[in-house]
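Chains as they are written, first to last, in our numbering: chain A, 2 to 301; chain B, 311 to 695.
None of these hints come from the bench; they were simulated from the model. Be careful, since some hints might not be right.
Stated by the list, open to error - With a Cα cut of at most 25 Å, we get these calculated BS3-like pairs of lysine-lysine:
1) B/Lys473 - A/Lys128
2) B/Lys614 - B/Lys570
3) B/Lys641 - A/Lys128
4) B/Lys570 - A/Lys128
5) B/Lys451 - B/Lys657
6) B/Lys410 - B/Lys695
7) A/Lys128 - B/Lys648
8) B/Lys640 - B/Lys410
9) B/Lys475 - B/Lys690
10) B/Lys476 - B/Lys678
11) B/Lys385 - A/Lys128
12) B/Lys614 - B/Lys473
13) B/Lys695 - A/Lys128
14) A/Lys97 - A/Lys128
15) B/Lys695 - B/Lys473
16) B/Lys615 - B/Lys375
17) B/Lys340 - B/Lys640
18) B/Lys473 - B/Lys491
19) B/Lys615 - B/Lys641
20) B/Lys340 - A/Lys128
21) B/Lys690 - B/Lys604
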Amino acid sequence: MANSFFGVIVQLSDFLQFMLSGITIGSIYALVAIGFTIIYNCTQIVNFAQGEFVMLGAMVAAILVHGGLMSLPLAIVVAVIVTSLVGCLVGAALLKPLRTGSTITMIIITVGASILIRGAMMLRPDKEPIRVEPFSGERSVNILGAVLDVQSLWVMAATAVLVVLLWLFYKYTMMGRAMRACASCKPGAKIVGINIHKMTLLSFALAASVGAVAGVVVAPISTAQYDMGTMLGLKGFCAAILGGLGNFTGGIVAGLLLGVLESLGAGYISSSYKDAIAFVILLVVLFARPQGIFGGRKAR
Amino acid sequence: MQVRRFAVVMMAVVLLLVFAVGTFAAKPAKSPYVIGAIFDVTGPGSPLGTPERDTALMIETMVNKEGGINGHPLKIVFADNGSEEGRCVMSAKKMIDSDKVKAIIGPSSTGTTLAIAGICDRSRVPLVSCAAGTRITNPVKSYVFKTAQSDVYAIAKVIDYLKSKKLTRIAFLNDSNAFGKSGLEQMNLQSRMAGITLVGVESFGSKDPSMTSQLTRIRGKKPQALVVWGTNPGPAIVVREARQLGLKMPVVMSHGISNKKFLELAGSAANGVVFPSGRVIVANSIPNSDPQKKTLLRYKAIFKKTYGRDADHFGGHAWDACWVVINAMKKVGDDPAKIRAEIERTKHFVGIGGVFNFSPTEHNGLGKNSFVMIQVKNGKWTLIK
Chain A
2 MANSFFGVIV
12 QLSDFLQFML
22 SGITIGSIYA
32 LVAIGFTIIY
42 NCTQIVNFAQ
52 GEFVMLGAMV
62 AAILVHGGLM
72 SLPLAIVVAV
82 IVTSLVGCLV
92 GAALLKPLRT
102 GSTITMIIIT
112 VGASILIRGA
122 MMLRPDKEPI
132 RVEPFSGERS
142 VNILGAVLDV
152 QSLWVMAATA
162 VLVVLLWLFY
172 KYTMMGRAMR
182 ACASCKPGAK
192 IVGINIHKMT
202 LLSFALAASV
212 GAVAGVVVAP
222 ISTAQYDMGT
232 MLGLKGFCAA
242 ILGGLGNFTG
252 GIVAGLLLGV
262 LESLGAGYIS
272 SSYKDAIAFV
282 ILLVVLFARP
292 QGIFGGRKAR
Chain B
311 MQVRRFAVVM
321 MAVVLLLVFA
331 VGTFAAKPAK
341 SPYVIGAIFD
351 VTGPGSPLGT
361 PERDTALMIE
371 TMVNKEGGIN
381 GHPLKIVFAD
391 NGSEEGRCVM
401 SAKKMIDSDK
411 VKAIIGPSST
421 GTTLAIAGIC
431 DRSRVPLVSC
441 AAGTRITNPV
451 KSYVFKTAQS
461 DVYAIAKVID
471 YLKSKKLTRI
481 AFLNDSNAFG
491 KSGLEQMNLQ
501 SRMAGITLVG
511 VESFGSKDPS
521 MTSQLTRIRG
531 KKPQALVVWG
541 TNPGPAIVVR
551 EARQLGLKMP
561 VVMSHGISNK
571 KFLELAGSAA
581 NGVVFPSGRV
591 IVANSIPNSD
601 PQKKTLLRYK
611 AIFKKTYGRD
621 ADHFGGHAWD
631 ACWVVINAMK
641 KVGDDPAKIR
651 AEIERTKHFV
661 GIGGVFNFSP
671 TEHNGLGKNS
681 FVMIQVKNGK
691 WTLIK
């Protein structure tokens, strides 16, 4: 009796552990998905460089801190600014094809940009991963037998804060409203005098900074490396599609869901199929509900 | 008129002098010995390929400064295969067909080596690889050699260690790349005979940001030790998260973490980790009676002087490959077939990876004792006696 009771407790703490690690990684997927959504809503294209924005944020911060050039908080700010400037540049490269309306050209430009950014980060003589110190030391808290390191709390908190800030931005600022107008009806937005070009640049800068924040907060867990962006970008893309491309809430929920399912799958089924889980879910949803779990409604 | 005649005479004298000086001063220049070197300098293999290329460059300068090989200058043709099989094949073909190399050193990883092993064997150009995969020299191809220790011996060494500590129930966690899978394969084969039970086998992707789920699963299996087989950064993340989760069992890793980067990435969590490695990283603490000690210290000193950073395990493979070929050339000249036969006859060659004894059936020339076990203590490597 006592033994089975103990067994349940152990199982519960394991389950909680899987959930916590899933939510941590899921938060990163959610942030990447938000980046996809911001740009998709404004330009109707999928930005394949989104994962590289995450990598760039992590790498710039890591290089600055590792080289002893500045303290971590300052390095984070610089990393976010640098990444958003790079985002602006990618956006600027899209302005001309945006006018002619060729979606495939624009998507290929973002693919090219992603290769360029990764290549630029490979130019360092040392291509090995860089360690980034956890923001508040190597500490962890114990929750009913499950262990949560403090950096994971930082990841979740950063995601929550960004989501709230973005919501306020879209709801209450003139610029946010203008971006929403672009999303719902581009010709209409043009007629009322919204500068589409400016909005495109802004959306890229915004998506890049969200990506950079994701990179900076995950770097102490995963280390920073020039090729970390591709997989995170793919998973975030999965989340964005699952949530219905263009749907903010959908992307966030799908990102968290994906992280949790991956973690539970690795824990209860097999860790060999961890990456397959995300892509199988994506395929099933695309067959059953091509508009995504939360799709069907237009972005608000 | 007279002036002109004088000038003609002077010119003739000068010409004669120049001619004479030319013939007597310059010894007849011997033709250079050309060998090729292909390494994974860029791409995922770059942590291996970069020190290997640097080592080969350093040896080329060294040999030529000392008068070449029996008076023949040494010329190494370098190529970077970008860690891609296709580019590696192209480089090898170009070297064999147009550069007319007499032997090839490298490449750095098992995949790129296997891609060109057949070509070198058919073209009868000796290949001395710096990669670890057992399949390169097993089965033996007549023209293919390698200087990196096989992972068979790394696993054998780990199993010896586990047995000596009476740790018989272990969990195995491997990277899902070729290196990790090959480790798992060997562990499955060798653990059974040693009476070691694998109570849990998990894997992680090379790019996974976190391995907590796998570790939680392993925690439930209650193993006596955790063996992690992978290359940076995975194992560093694993050991940090394992300690956070409160897993207190001994952690044994592979020679894939045998560099400073692992210590940096894992931080204080690295303390206590045990792994097999070549002797080069603990050269100063191995006993003076060790036959390799002098060579190891010499390599480390020259590398440090040339590049200002520490030599590692991987550069050592290139050192061994270069000298195996150069020593053969010293004896038999630059005929590829004779070089091949001479390498096969090489015995007691003291290198960085170990003391090599090649034979017609053994083209790696190393055994289990080419590895030593190392433990991390206070962020430093210490040799386990």
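Evaluated hints:
With a C-alpha separation of about 37 Å, the suggested pairing of lysine 473 of chain B with lysine 128 of chain A is violated against the 25 Å cut-off. Of the supplied pair hints, the one linking lysine 614 of chain B and lysine 570 of chain B holds, its CA atoms being roughly 15 Å apart against a limit of 25 Å. Distance check on the hinted pair: lysine 641 of chain B and lysine 128 of chain A sit about 39 Å apart at the alpha-carbon level, beyond 25 Å; violated. Distance hint between lysine 570 of chain B and lysine 128 of chain A is fulfilled; the C-alpha atoms sit about 14 Å from each other, no more than 25 Å.
A distance of roughly 19 Å separates the Cα atoms of lysine 451 of chain B and lysine 657 of chain B; the hinted pair therefore holds under the 25 Å criterion. Between lysine 410 of chain B and lysine 695 of chain B the alpha-carbon distance is near 47 Å, which puts this suggested pair outside the 25 Å criterion. Restraint check: the Cα-Cα separation between lysine 128 of chain A and lysine 648 of chain B comes to about 39 Å, which exceeds 25 Å; the hinted pair is violated. Taken as a hint, the lysine 640 of chain B and lysine 410 of chain B pair is honoured in the structure, with Cα atoms around 19 Å apart against an allowance of 25 Å.
With a CA separation close to 22 Å, the supplied pair lysine 475 of chain B and lysine 690 of chain B stays within the 25 Å bound. At most 25 Å may separate the alpha-carbon atoms for a hinted pair to count; lysine 476 of chain B and lysine 678 of chain B meet this at roughly 20 Å. Annotation: proposed proximity of lysine 385 of chain B to lysine 128 of chain A is violated, straight-line Cα distance about 28 Å (limit 25 Å). With a C-alpha separation of about 38 Å, the suggested pair lysine 614 of chain B and lysine 473 of chain B falls outside the 25 Å cut-off, and the hint is violated.
About 34 Å separates the Cα atoms of lysine 695 of chain B and lysine 128 of chain A, which puts this hinted pair outside 25 Å; it is violated. Proximity of lysine 97 of chain A to lysine 128 of chain A is assessed by CA-CA distance (about 35 Å); at most 25 Å being required, the pair is judged violated. Pair hint lysine 695 of chain B plus lysine 473 of chain B holds up; C-alpha atoms about 15 Å apart against a cutoff of 25 Å. Proposed proximity of lysine 615 of chain B and lysine 375 of chain B is supported: the alpha carbons are some 16 Å apart, at most 25 Å.
Under the criterion of a C-alpha separation no larger than 25 Å, the hint pairing lysine 340 of chain B with lysine 640 of chain B is consistent with the structure, at around 14 Å. As the CA atoms of lysine 473 of chain B and lysine 491 of chain B are separated by approximately 22 Å, the hinted pair is consistent with the 25 Å bound. Note on lysine 615 of chain B and lysine 641 of chain B: the hinted pairing is violated, with a Cα-Cα distance of about 29 Å set against a maximum of 25 Å. Proposed proximity of lysine 340 of chain B and lysine 128 of chain A is contradicted: the alpha carbons are some 41 Å apart, above 25 Å.
Annotation: proposed proximity of lysine 690 of chain B to lysine 604 of chain B holds, straight-line Cα distance about 22 Å (limit 25 Å).
In the structure shown, a violation is registered for the earlier hints numbered 1, 3, 6, 7, 11, 12, 13, 14, 19 and 20, in ascending order.
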